[in-house]
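Asker: The residues making up each chain are set out below.
Number of protein chains: 2
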Amino acid sequence: MNIPPTSKKRIVIIGGGFGGLSLAKSLRNSDFQVVLIDKNNYHAFQPLFYQVATAGLEPGSIAYPFRKIFANYQNFYFRMAEVISIDATKKTVCSSIGEVNYDYLVLATGATSNFFGLKNVEEKSMPMKSVSEALDIRSLLIQNFEKAILSKDIKEREALMSVVIVGGGPTGVELAGAIAELRKDILPKDYPDLDIRGMDVHLVEANNRLLTGMSAQSGHRAYDALNEMGVDIWLDTRVSDYDGTTVTCHNGKTLFGSMLIWAAGVKGVVPGGIEASHIKGGRILVNEFNEIQGLQDVYAIGDVALMITEIAPTGHPMVAQPAMQQGVNVAKNLKRKLSNQAPIAFVYKDLGSMATIGRNKAVTELPRFKMFGWFAWMAWLFVHVYQLVGFRNKIIVLISWAQNYFRHARDLRLIIRPFKRGG
Amino acid sequence: MNIPPTSKKRIVIIGGGFGGLSLAKSLRNSDFQVVLIDKNNYHAFQPLFYQVATAGLEPGSIAYPFRKIFANYQNFYFRMAEVISIDATKKTVCSSIGEVNYDYLVLATGATSNFFGLKNVEEKSMPMKSVSEALDIRSLLIQNFEKAILSKDIKEREALMSVVIVGGGPTGVELAGAIAELRKDILPKDYPDLDIRGMDVHLVEANNRLLTGMSAQSGHRAYDALNEMGVDIWLDTRVSDYDGTTVTCHNGKTLFGSMLIWAAGVKGVVPGGIEASHIKGGRILVNEFNEIQGLQDVYAIGDVALMITEIAPTGHPMVAQPAMQQGVNVAKNLKRKLSNQAPIAFVYKDLGSMATIGRNKAVTELPRFKMFGWFAWMAWLFVHVYQLVGFRNKIIVLISWAQNYFRHARDLRLIIRPFKRGG
Chain H
1 MNIPPTSKKR
11 IVIIGGGFGG
21 LSLAKSLRNS
31 DFQVVLIDKN
41 NYHAFQPLFY
51 QVATAGLEPG
61 SIAYPFRKIF
71 ANYQNFYFRM
81 AEVISIDATK
91 KTVCSSIGEV
101 NYDYLVLATG
111 ATSNFFGLKN
121 VEEKSMPMKS
131 VSEALDIRSL
141 LIQNFEKAIL
151 SKDIKEREAL
161 MSVVIVGGGP
171 TGVELAGAIA
181 ELRKDILPKD
191 YPDLDIRGMD
201 VHLVEANNRL
211 LTGMSAQSGH
221 RAYDALNEMG
231 VDIWLDTRVS
241 DYDGTTVTCH
251 NGKTLFGSML
261 IWAAGVKGVV
271 PGGIEASHIK
281 GGRILVNEFN
291 EIQGLQDVYA
301 IGDVALMITE
311 IAPTGHPMVA
321 QPAMQQGVNV
331 AKNLKRKLSN
341 QAPIAFVYKD
351 LGSMATIGRN
361 KAVTELPRFK
371 MFGWFAWMAW
381 LFVHVYQLVG
391 FRNKIIVLIS
401 WAQNYFRHAR
411 DLRLIIRPFK
421 RGG
Chain P
424 MNIPPTSKKR
434 IVIIGGGFGG
444 LSLAKSLRNS
454 DFQVVLIDKN
464 NYHAFQPLFY
474 QVATAGLEPG
484 SIAYPFRKIF
494 ANYQNFYFRM
504 AEVISIDATK
514 KTVCSSIGEV
524 NYDYLVLATG
534 ATSNFFGLKN
544 VEEKSMPMKS
554 VSEALDIRSL
564 LIQNFEKAIL
574 SKDIKEREAL
584 MSVVIVGGGP
594 TGVELAGAIA
604 ELRKDILPKD
614 YPDLDIRGMD
624 VHLVEANNRL
634 LTGMSAQSGH
644 RAYDALNEMG
654 VDIWLDTRVS
664 DYDGTTVTCH
674 NGKTLFGSML
684 IWAAGVKGVV
694 PGGIEASHIK
704 GGRILVNEFN
714 EIQGLQDVYA
724 IGDVALMITE
734 IAPTGHPMVA
744 QPAMQQGVNV
754 AKNLKRKLSN
764 QAPIAFVYKD
774 LGSMATIGRN
784 KAVTELPRFK
794 MFGWFAWMAW
804 LFVHVYQLVG
814 FRNKIIVLIS
824 WAQNYFRHAR
834 DLRLIIRPFK
844 RGG
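Line by line, the protein sequences give chains H and P. If you're matching positions, the first sequence starts at 1 in this note's numbering and goes up one per residue. If you're matching positions, the second sequence starts at 424 in this note's numbering and goes up one per residue.
If you are wondering where the hints come from, they were derived from the structure by calculation, not from laboratory data. We put the CB at the ideal spot given by N, CA and C, even for glycine. Do not rely on the hints blindly, as some may be mistaken.
Computed footprint of chain P on chain H; a stretch qualifies when at least three of its residues, placed anywhere within it, have a C-beta under 8 Å from a C-beta of chain P [said to hold, decoys possible]:
| hint | region |
| --- | --- |
| 1 | 35-42 |
| 2 | 63-71 |
| 3 | 144-154 |
| 4 | 184-191 |
| 5 | 396-404 |
| 6 | 412-418 |
Bound-form chain H, shown alone (with noise of 0.2 Å):
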């Protein structure tokens, strides 16, 4: 990896998303020599994923540079790679672009989608946990509206309208409510000759209601607001097959639609080399300092990790707010360590969780309060536009979406690269 040698010792960090970005930040200055290793050239902010998927904001608006974000760190090394394996024994990790030695290891390498064992759902859906995942759904989208135009059956030319997303977590229901949003201000005008009383907006959902990460009161008042805009939920509801067009659910229930996104579960992205034992439900188990233990110096923090404690007996929800705390108290306590200090175990400090749903309509849900409506949708924006990295983004994404507010645009319906399955 031509990582210059150092007589500090060196803390390699897979994947620069919320968990590995926090810890790189909060050891700026620290005594260590940081390498980080993604993927990607950029740190991606996932919650907003279904904005680029739904042409209201473009990718380069949530994605910044991990070397621009760096540029003044000294003794911090960036490595654009794909993480293949860790040796625990010999200290180091395997990547595309070669081996590197670690004093201390942290993986913070995010979930990937879990299709639960469906091959033809993983082969025909469309997931969205990369930037250019995303693209592709708003491509196919679009796609699909031109092919419609020229169907004369009227069954292909519903399901070629019609969008089946799975999963009412906040991503889905976001999704569902930016697509319905779509259907009422866009895709009418852009597509004056198809009769869009022919498109439907399906949600699934397994669970009996909407937002389990959130009060039994957000789902209803997510329902309702979904409801209202014209998205057909359906609970207690799990998909069991997919051939492109029909969408098959365990109680024998069909849904058409020629694209189903695919929002209903994540998984740890787990590298190889790390022991069956101490994998659990896609996450690798560590203790409360975020160490996989048995394994020594190696840390795992975010989505990938499962720290199992008593407030948290199934682990921490796999959203940004764990990711970023475990970040900055690993990185305190790979400073102690350098110091002969005991390290501070985690304790995860519930900031709030929040979705959108639509104009002037989201649920937040605050240590203190609920919120629900105008202001929780104005908490929802300021809290995205503060924490996007970069202040071009933030101007952008604010400008973006006072365009899209006042003047119902979505002007990004673009197909810049067509979609194609397998390609």
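Given chain H, work out where chain P should sit, using these hints.
Answerer: Relative to chain H, chain P alone:
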């Protein structure tokens, strides 16, 4: 193509670039049915491709969806398709989505890269005639730098960092200037481990000066400005071969660069069904009414059309202005035809030409006077923002430019889709 039958005469326009778009807009509220066919679902603003390629602008800022442009047009149909051939006898267009009949056909298919038979160059160089090709250049530029930091071989490393641009027209000049600015402001900060002096920016031109479409004075000014920015300019030099690293020139000179950008030549995109006798130098011969002689009711405008007149003995320049003006004129003549009026011959009104070189530097030639430097640069900025389609695009481009200017920033150095040769 599923276009509704009509009692009106049907005009089919192939291509929604500057010419096709200007024609379509001029036909608004006319008594025709208009069908616009383009392989993309957006109009792309070609003069700013070079800024997409150099991380200054997002692709979405210079592209605008056709369906939004034509949302309120009556009797107007857009179809996204590749045109395969035309049959002027049967009056049909054959495309990737089927056939369509026409009463009048206008070819506004534009131009594509002309490699003049240099197979290796065609295979291994980067053209920049579409948004996605511009994005490929952006990706490869960064990918090569990410590779360069891994290389321990100085020759390989310097080749990976270096760029050879072929063609000293506006595109080549603008690219060379923008890449020289990346070398000055951005890349040394992003890659402090690399010795930036190893990065060469070469500009190769077959003629004895730059900007042959403009005055000698402008060409010399561009030369001096680029020279001062450290661009190595090779006049009177033709590229004869390229192996992916070494550029061989006709005079034996060799240049090294893992990226060869081809901006040296264009040729018209001629659909099948046009006889060779109608084609000259890759363009379709038309009379002063933009009619293809010998074919009935078939027109060609813009880059693909070659109209030889006394004042333009080699045809009009292959830039936006003639295309737009011909679009307006053909629209006028088609309307006159409906009322049995004689057509009006096309007369090109040269509004001037311009090329930007870098910060505060451009050459602008208006019919009455020439400008160079800051005023020319401001004129360039103003004209380009003014001509962009869409309010959002104008605003976002202005903000991006302000940030690029005041903060020396190019925050879009993202590899969203890695470039793969042949992929």
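Asker: Hint by hint, note whether the structure agrees.
Answerer: Hints versus structure:
Beta-carbon proximity to chain P at under 8 Å applies to 3 residues in the region 35-42 of chain H; the threshold of 3 is reached and the given coverage holds. Against chain P, the region 63-71 of chain H contributes 6 residues with a C-beta closer than 8 Å to a partner C-beta. That satisfies the three-residue criterion, and the hint holds. Only residues whose beta carbon comes within less than 8 Å of a beta carbon in chain P count, and the region 144-154 of chain H has 5; three or more means the coverage holds. Note: the region 184-191 of chain H has 3 residues with beta-carbon separation from chain P under 8 Å; the three-residue rule is met and the coverage holds.
With 4 residues having a beta carbon nearer than 8 Å to a beta carbon of chain P, the region 396-404 of chain H meets the requirement of three or more and the stated coverage holds. Counting residues of the region 412-418 of chain H whose beta carbon lies closer than 8 Å to any beta carbon of chain P gives 6, which meets the minimum of three for the stated coverage.
Consistency note: the structure conflicts with none of the earlier hints.
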